[in-house]
Each structure stands twice: as structure tokens, then as C-alpha cells.
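Trainee: Let's have the full structure, built from the sequences with the hints guiding it.
2 protein chains.
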Amino acid sequence: MAKDMTLLWGSGSPPCWRIQIMLEEKQLQGYNQKLLAFEKMEHKSQEVLDINPRGQLPAFKCGNHILNESYAACFFLENQYKSQGNKLIPDSPDAQALMYQRMFEAFTLGQKMADVIYYNYKVPEEERHDSAVQRNKEALTAELKLWEGYLNKTDCCLAGKEFTLADVLVFPGVAYLFRFGLCSERYPALAKYYTSLKDRPSIKATWPPTWQSTPAQDTLKTI
Amino acid sequence: MAKDMTLLWGSGSPPCWRIQIMLEEKQLQGYNQKLLAFEKMEHKSQEVLDINPRGQLPAFKCGNHILNESYAACFFLENQYKSQGNKLIPDSPDAQALMYQRMFEAFTLGQKMADVIYYNYKVPEEERHDSAVQRNKEALTAELKLWEGYLNKTDCCLAGKEFTLADVLVFPGVAYLFRFGLCSERYPALAKYYTSLKDRPSIKATWPPTWQSTPAQDTLKTI
Numbered sequence: 001m002a003k004d005m006t007l008l009w010g011s012g013s014p015p016c017w018r019i020q021i022m023l024e025e026k027q028l029q030g031y032n033q034k035l036l037a038f039e040k041m042e043h044k045s046q047e048v049l050d051i052n053p054r055g056q057l058p059a060f061k062c063g064n065h066i067l068n069e070s071y072a073a074c075f076f077l078e079n080q081y082k083s084q085g086n087k088l089i090p091d092s093p094d095a096q097a098l099m100y101q102r103m104f105e106a107f108t109l110g111q112k113m114a115d116v117i118y119y120n121y122k123v124p125e126e127e128r129h130d131s132a133v134q135r136n137k138e139a140l141t142a143e144l145k146l147w148e149g150y151l152n153k154t155d156c157c158l159a160g161k162e163f164t165l166a167d168v169l170v171f172p173g174v175a176y177l178f179r180f181g182l183c184s185e186r187y188p189a190l191a192k193y194y195t196s197l198k199d200r201p202s203i204k205a206t207w208p209p210t211w212q213s214t215p216a217q218d219t220l221k222t223i
Numbered sequence: 001m002a003k004d005m006t007l008l009w010g011s012g013s014p015p016c017w018r019i020q021i022m023l024e025e026k027q028l029q030g031y032n033q034k035l036l037a038f039e040k041m042e043h044k045s046q047e048v049l050d051i052n053p054r055g056q057l058p059a060f061k062c063g064n065h066i067l068n069e070s071y072a073a074c075f076f077l078e079n080q081y082k083s084q085g086n087k088l089i090p091d092s093p094d095a096q097a098l099m100y101q102r103m104f105e106a107f108t109l110g111q112k113m114a115d116v117i118y119y120n121y122k123v124p125e126e127e128r129h130d131s132a133v134q135r136n137k138e139a140l141t142a143e144l145k146l147w148e149g150y151l152n153k154t155d156c157c158l159a160g161k162e163f164t165l166a167d168v169l170v171f172p173g174v175a176y177l178f179r180f181g182l183c184s185e186r187y188p189a190l191a192k193y194y195t196s197l198k199d200r201p202s203i204k205a206t207w208p209p210t211w212q213s214t215p216a217q218d219t220l221k222t223i
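Chains as they are written, first to last, in UniProt numbering: chain P, 1 to 223; chain W, 1 to 223.
Heads up, a few of these hints could be off.
Same chains, same names: a pair is fine if it fits in one copy or spans any two.
Claimed, not checked - Taking lysine to any residue and the SDA-like style, the derived pairs with C-alpha atoms no more than 25 Å apart in a straight line are:
hint : residue 1 : residue 2
1    : Lys61     : Lys161
2    : Lys198    : Tyr31
3    : Lys145    : Asp155
4    : Lys87     : Gln27
5    : Lys161    : Ala95
6    : Lys137    : Glu127
7    : Lys61     : Asp94
8    : Lys137    : Pro188
9    : Lys137    : Lys161
10   : Lys122    : Lys153
11   : Lys153    : Gln56
12   : Lys44     : Glu148
13   : Lys161    : Tyr118
14   : Lys82     : Gln27
15   : Lys61     : Arg135
16   : Lys153    : Ile51
17   : Lys112    : Gln134
18   : Lys61     : Glu143
19   : Lys145    : Glu42
20   : Lys204    : His129
21   : Lys44     : Lys137
22   : Lys192    : Glu125
23   : Lys112    : Glu126
24   : Lys122    : Asn86
25   : Lys145    : Gln111
26   : Lys137    : Leu49
The hints are simulated quantities; they were obtained by calculation from the structure and are not laboratory data.
Mentor: Next comes the structure, spelled out in C-alpha cells:
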């Protein structure tokens with residue numbers, strides 16, 4: 001089945017990494033894959049555009065189905081391979097409600113993280129303002145405090161003891177925060193979550209290769 | 001069952017409206033609800049904060065479960081009430097893949113729409129730039145063209161003939177575009193989608209009350 005799947009991906013991109021973790025969790029190793037380089041603009045190549053008209057990575061095909069949105073790919077894979085590999089949607093309504101709520105709140109976390117990390121990339125030089133940078137940092141700090149609170153109240157994973165689809169979808173973003181220098185001492189619950197999951201087989205097997213060969217950055221160290 | 005649910009909502013807010021449509025689709029009428037006014041800052045009231053610490057609407061409680069993210073609420077309701085009301089996740093893998101892909105692409109549409117409609121609300125006066133306004137408009141136009149293409153290829157609904165969870169989640173945003181003056185002639189496929197669904201019972205029953213009593217706006221008429 002995995003032989004019918006093709007993933008074009010970029011190293012370190014949380015959306016790409018989500019699908020890679022998901023494929024491991026569902027025992028769908030052996031899919032076709034190609035690592036492309038953002039810095040060479042390979043995400044704008046015809047090969048990508050043929051699958052993803054936005055010219056973004058991931059570009060993911062599962063048989064004839066195009067599932068470039070990482071959340072879409074993960075939901076689809078869980079639904080199609082319910083009884084294969086790990087079951088990632090819990091039966092308990094309590095865990096299920098928490099799983100859904102956290103995975104969708106993570107869009108806000110991702111947005112606020114991107115507003116800080118990509119400010120200079122997204123905003124042309126003549127439109128930049130220190131006041132905007134400061135406001136973005138404050139918004140990210142407030143958001144991270146919410147997540148500290150959430151993680152302080154759970155056992156290990158986002159929706160309780162079990163590893164769920166929420167962790168597949170949210171962990172890569174949390175790892176990204178630390179890759180960009182988030183301070184473990186100021187965010188101990190996030191750091192504990194990161195540490196407790198980073199050696200999980202599906203995550204370890206798909207760790208971004210460029211993160212192993214280049215040093216971490218310090219963009220978020222003052223957050 | 002619906003008596004255990006409480007929805008605090010604001011008129012015209014796509015995330016609130018999604019949950020209202022969903023509750024109709026699943027025959028969960030009779031829930032507790034309260035219409036609050038954004039312009040009176042009622043979304044920052046203690047009543048809201050007790051359910052939604054972000055001080056945003058919707059604030060939605062389903063029994064003891066807090067599901068303030070509209071996507072989370074809709075997924076949870078579909079899962080908990082699978083055999084009640086309309087089934088909103090199709091069995092066919094084709095329709096299912098398309099449904100997931102479109103509902104998550106809609107986050108990008110919503111973001112680009114918000115960047116244009118709320119520019120003055122989000123960006124302080126001293127940080128505003130005509131070049132940014134222009135860029136946001138171009139990004140929204142490009143995004144809308146993608147959706148025109150998608151809708152040109154489907155029958156009636158986003159994932160084919162059947163009304164699915166993708167329509168529950170995306171329709172309110174499309175209605176919002178037209179409420180803010182999007183030109184039907186320039187976007188005929190979006191307009192056809194809007195027209196074909198606006199009288200669906202679940203949608204008609206929950207149409208934003210303030211839209212009936214105040215005129216539409218023209219923010220998007222040049223898009």
C-alpha cells in the first residue's frame with residue numbers, strides 16, 4: 001500500500017514532519033519520497049507544482065488522492081488504516097474532546113510562532129516596525145503560557161496518557177520552538193513534553209536530517 | 001443530549017456559525033445558547049472567559065467537554081453522534097480525501113480573507129502601508145482563483161455531490177466573502193456554491209441575525 005504513496009518533503013518543516021511521523025505510526029514505511037531543498041527553491045519546481053498547485057511542501061499523493069494539507073493527510077491515513085499500526089483517535093470522549101481541541105488550537109500557536117520567526121522573511125524591509133516585532137513576541141509569549149498550563153495538567157501527551165493524533169500534529173511545532181532557541185527553563189512543561197516524545201520511534205526515525213548537521217538557532221531565546 | 005450543551009456566540013462569526021450549522025445537521029436543537037455582542041466587548045466577559053480562556057467566541061461546552069475551536073467541536077459532534085441526523089464524513093475514499101483536503105486548505109483562505117478585511121483593525125495606524133494592503137489583496141485574489149477552480153470541478157458541494165463536514169466548515173467563510181462585497185460576476189463558481197447552499201435548512205435556520213438587519217459591506221468589491 002505504501003508503494004502507492006509519494007511524499008515530497010523539506011527537512012525541518014513541521015507540516016512535512018507530521019506526515020512522516022503519521023506514516024511511521026501506521027506502519028506505512030516504504031513509501032516513495034524525495035527530500036527537496038527550500039533554499040534551492042525546489043518547492044517551486046514543476047515536480048511539486050504537479051501535486052501541490054501552491055508550490056509548497058509537503059506535496060503528498062496517496063494513490064490518486066492528493067493530500068497536501070498535513071492535517072488532511074493524517075486524518076485520511078488514520079481513517080483508511082484504522083486497524084493498522086497505532087490507533088490514534090481514542091475511544092474515550094474525554095480524551096477525544098481534548099485531542100480535537102488541542103490539535104486545532106495549535107493553528108494559533110503555529111501562526112504566532114511564524115509571526116516571530118519569519119518576520120523578516122514575510123515583511124519587506126521598508127514595512128518593518130520594532131513595535132510590531134515587540135507585539136508579535138508578546139503574543140507568542142502569551143500563547144506559550146497557555147500551552148504550559150495545558151501541559152502541566154496532562155500526563156505525558158496532549159490528550160492524556162495516550163499518544164494521539166494531536167501529538168502527531170503538534171509535536172513537530174514544539175520541536176521547532178526548541179530548535180529556534182526556546183528556553184527550557186522558562187517553559188518547563190513544554191520542555192518536558194518535548195523530551196518525553198523526542199525518542200519515540202516514529203519521531204526519532206523521521207528527525208529532520210538538517211537538524212543533525214547544523215547548529216540550532218537562537219531566534220526565540222528571549223521569549 | 002442537546003440540553004447538556006452551551007454555546008456562547010456572536011452573529012456573523014464564521015467559527016460560531018460552523019457549530020450552529022453542525023448542531024442543526026446532527027439534530028441537536030434545543031441546546032443552551034446566548035448571543036453576545038462583539039461591539040460591546042462581551043467576548044471578553046467573565047462568562048466567556050470561564051469557558052474560553054482566549055476570550056473569543058465561540059465558547060462551547062458539550063457536557064463537561066470544552067470545544068471552543070470550531071473544527072474541534074464539529075469533529076467531536078460528528079464522532080459522538082455518527083448515526084444521528086446527517087452523516088457528514090463520506091465512506092468513499094475519493095470524497096473523504098477531497099473533503100479533508102478542502103477543509104484544511106480553508107485555513108489559508110480564512111487567513112488571507114482576514115488579512116484584507118481586518119487590516120485596519122489588526123495593524124496600528126502608524127504601521128500601515130499601502131504596499132502591504134496591495135500585497136494582501138493580491139494574495140486573496142490568487143487564493144480565490146484556486147477555489148474558483150476547485151468549485152468549477154465539483155457538483156454542488158466541496159467534496160462532490162454530498163454535503164459533508166467540509167461544507168459545514170467552509171460555507172460560513174464563503175458567505176462572509178459575499179457579505180463583505182465579493183463580486184459574484186468575477187467569482188461565478190464561488191457565487192454558485194453560495195447560492196446553492198444558502199437555503200439549506202441547517203444554514204437558513206442559523207443565518208446571522210445581524211446580517212438580516214444591516215446592509216452588506218463593500219470591503220472586497222475590488223477583489
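Trainee: At most 25 Å between alpha carbons: which applies to Lys153 and Ile51, within, between, both or neither?
Mentor: between (41 Å within a copy, 17 Å between copies)
Trainee: Within a copy, between copies, both or neither: which one fits Lys87 and Gln27 at a CA-CA cutoff of 25 Å?
Mentor: within (11 Å within a copy, 29 Å between copies)
Trainee: Which holds for Lys122 with Asn86 at a C-alpha limit of 25 Å: within a copy, between copies, both or neither?
Mentor: This pair counts as neither: shortest intra-copy Cα distance 38 Å, inter-copy 42 Å.
Trainee: Given identical chains, is Lys137 near Pro188, meaning Cα to Cα at most 25 Å, within a copy, between copies, both, or neither?
Mentor: within (19 Å within a copy, 41 Å between copies)
Trainee: Under a CA distance limit of 25 Å, which applies to Lys153 and Gln56: within one copy, between copies, both, or neither?
Mentor: between (36 Å within a copy, 22 Å between copies)
Trainee: Pop the pair Lys145 and Gln111 into one bin, within, between, both or neither, using alpha-carbon distances up to 25 Å.
Mentor: both (15 Å within a copy, 24 Å between copies)
Trainee: Between the shortest in-copy and the shortest cross-copy C-alpha distance, which are at most 25 Å for Lys61 and Glu143: within, between, both, or neither?
Mentor: Intra 33 Å, inter 21 Å, cutoff 25 Å: inter-copy only.
Trainee: Go through the copies and call it for Lys61 and Asp94: within, between, both or neither, with a Cα cutoff of 25 Å.
Mentor: between (33 Å within a copy, 12 Å between copies)
Trainee: Please work out whether the CA atoms of Lys198 and Tyr31 approach to 25 Å or closer within one copy, between two copies, in both situations, or in neither?
Mentor: Cα proximity of Lys198 and Tyr31: one copy only (23 Å, versus 42 Å across).
Trainee: Could you place Lys204 and His129 in one of the four classes (within, between, both, neither) given a Cα distance threshold of 25 Å?
Mentor: neither (39 Å within a copy, 44 Å between copies)
Trainee: At most 25 Å between C-alpha atoms: does Lys137 with Lys161 qualify within a copy, between copies, both, or neither?
Mentor: For Lys137 and Lys161, neither the intra-copy (31 Å) nor the inter-copy (45 Å) Cα distance is at most 25 Å.
Trainee: I want to check one pair: Lys145 and Glu42. Are their C-alpha atoms no more than 25 Å apart within a copy, between two copies, both, or neither?
Mentor: Between. Shortest inter-copy distance 24 Å satisfies the 25 Å Cα cut-off; intra-copy 36 Å does not.
The structure does not agree with the numbered hints 9, 10, 13, 15, 20, 22, 24 stated previously, though it agrees with the rest.
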